[in-house]
Amino acid sequence: MKTNLIVILLSSLFCLPAAAETIQVTTRENAIRSDCRFFAPVKLKVALGDPLTVKGRKGDWYLVSAKGVSGCIHKSAVESRSFSSAGRKASAGGASADEVSLAGKGFNPQVEAGYRTSGKSLNYAAVDEIVKYSVGEKSLETFVLQGGLVQP
Amino acid sequence: MIPNRSLQNVCHPGLILLAMLALSGCKVSDLTPERISAITSSVQSIGKAARPMGEDEEYYVGRAVAARITSTYPLYRNARLTEYVNLIGQTIALHTDKPTTFGGYHFALLDSPEVNAFACPGGIILVTRGMLDSVKGEDELAAVLAHEIGHIIHRDGIAAIQSSRWSEALLVIGSNAAREFGPKDTAKLVSLFEGSIDDVFKTLVVNGYGREQEKAADAAALAYLAAAGYDPQGLTGYLNRLEQGGKGSKSGIFTTHPGTEERLEHVRQTAVTSVDTSAVPKRSRRFADMTR
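From first to last, the protein sequence lines stand for chains A and B.
Residue numbers for the first sequence follow my numbering, so the first one is 335 and each next one is one higher.
Residue numbers for the second sequence follow my numbering, so the first one is 17 and each next one is one higher.
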């Protein structure tokens with residue numbers, strides 16, 4: 335009787351439907367792709383803080399779904415990382431909503447705006463020009479191919 | 017790093033819980049579910065306050081550092097070369113363990129004959145025209161960019177910030193995600209931000225990184241190059257050239273510790289995955305075509 339009860343309890347623990355894990359995008363913009371590789375067709379563009387439901391893992395990629403779309407997103411777009419005092423990665427894991435909302439509460443656009451008026455010699459126009467620049471994914475793929483490099 | 021290890025240890029939730037119980041003179045028998053909940057909440061808040069700098073906060077540090085550097089070295093606006101450097105850099109970045117950063121990787125050229133390159137926290141990498149002129153071939157240029165990407169991924173720029181600044185910033189930030197900063201707190205944060213930028217700028221432009229940071233960035237570069245299909249020997253070639261060109265120079269990239277000779281020795285001793293080098297001549301022709 336006692337043994338049966340333990341078996342039932344253990345079974346119920348393992349058979350409980352696992353709550354769907356939700357993670358958030360930790361980069362300004364990113365994409366859910368049809369396959370778990372860079373250059374795979376983009377199915378949905380996602381942005382900072384967007385919630386994604388985790389369906390599984392495949393190497394460095396999360397299998398996720400959002401807004402009715404399923405696909406892959408690289409772990410570096412959704413994981414928060416902590417660092418040891420030596421500056422090396424100490425741990426990594428899917429970023430929770432709390433982590434995403436807390437991060438950026440310190441050094442943020444409001445602080446940058448204050449810094450811009452600090453009187454220091456700064457060239458933010460150049461910085462905006464730099465971060466606005468991007469190369470197209472197709473150009474990058476062709477560049478890799480023509481240079482005999484490895485497809486990521 | 018930020019926060020430093022000692023602060024993290026002190027802020028272990030279990031230790032904090034014990035300290036709070038001791039300080040409040042609370043007996044175990046006094047603990048009601050409500051009190052436990054209140055204490056747990058406080059412990060969680062303090063734990064969050066000891067968080068490291070977020071990647072988005074790092075992005076704003078990097079922007080400010082780049083704004084400082086580009087106020088001294090103007091941008092070299094050559095569309096063809098800018099695209100080329102970005103294509104090489106992005107290719108390497110995709111083969112690292114951090115192919116995506118909060119704001120992405122961005123590569124730009126600086127109009128200076130000085131041989132130098134700067135890795136601004138978060139992903140902005142600046143390379144001087146002098147550096148571009150000094151490398152021989154795409155694989156050597158890739159080695160320069162891979163080394164700088166290594167510094168970004170290792171957060172070496174952020175590590176230059178005095179830990180006391182971030183600890184102080186965390187006290188201002190607090191742990192409430194919904195909090196709006198008043199003018200006084202904003203002014204304090206701007207001041208701490210300014211000090212942080214000074215720390216990073218001084219390391220990047222004046223003092224250079226430390227011995228272990230340079231060696232780690234070199235080791236990472238070798239791995240990134242091999243993974244991307246570039247010849248890791250490009251790093252040896254570039255360092256050889258740097259050693260020849262930097263003899264007697266005490267400015268820019270030559271201020272780094274260890275010296276180029278020691279870096280070369282370390283790179284030679286580091287085991288590298290062998291790669292197919294048959295496409296090196298093709299890439300060298302591409303480089304010559306782009307830079308002519």
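Worth flagging that the hints you see were computed from the coordinates, not collected in a lab.
Just to be clear, a hint being listed does not mean it is correct.
Stated by the list, open to error - Each computed DSS-like pair below joins lysine-lysine, with the alpha-carbon atoms no more than 30 angstroms apart: (1) A:LYS379 - A:LYS409; (2) B:LYS200 - A:LYS454; (3) A:LYS454 - A:LYS379; (4) B:LYS152 - A:LYS472; (5) B:LYS114 - A:LYS389; (6) A:LYS401 - A:LYS377; (7) B:LYS152 - B:LYS231; (8) B:LYS218 - A:LYS466.
Bear in mind the structure is a predicted one, so any value in this text is a computation, not a measurement.
Comparing the hints with the structure gives:
Straight-line distance between C-alpha atoms of LYS379 (chain A) and LYS409 (chain A) comes to about 15 angstroms, which keeps the hinted pair within the 30 angstroms bound. Under the criterion of a C-alpha separation no larger than 30 angstroms, the hint pairing LYS200 (chain B) with LYS454 (chain A) is consistent with the structure, at around 21 angstroms. Proximity of LYS454 (chain A) to LYS379 (chain A) is assessed by CA-CA distance (about 37 angstroms); at most 30 angstroms being required, the pair is judged violated. Using a Cα cut-off of 30 angstroms, the hinted pair LYS152 (chain B) and LYS472 (chain A) holds, with the two alpha carbons roughly 27 angstroms apart.
With a C-alpha separation of about 22 angstroms, the suggested pairing of LYS114 (chain B) with LYS389 (chain A) holds against the 30 angstroms cut-off. With a C-alpha separation of about 11 angstroms, the suggested pairing of LYS401 (chain A) with LYS377 (chain A) holds against the 30 angstroms cut-off. Using a Cα cut-off of 30 angstroms, the hinted pair LYS152 (chain B) and LYS231 (chain B) holds, with the two alpha carbons roughly 22 angstroms apart. A C-alpha spacing of about 26 angstroms is found between LYS218 (chain B) and LYS466 (chain A), which places the hinted pair at or below 30 angstroms, so the restraint holds.
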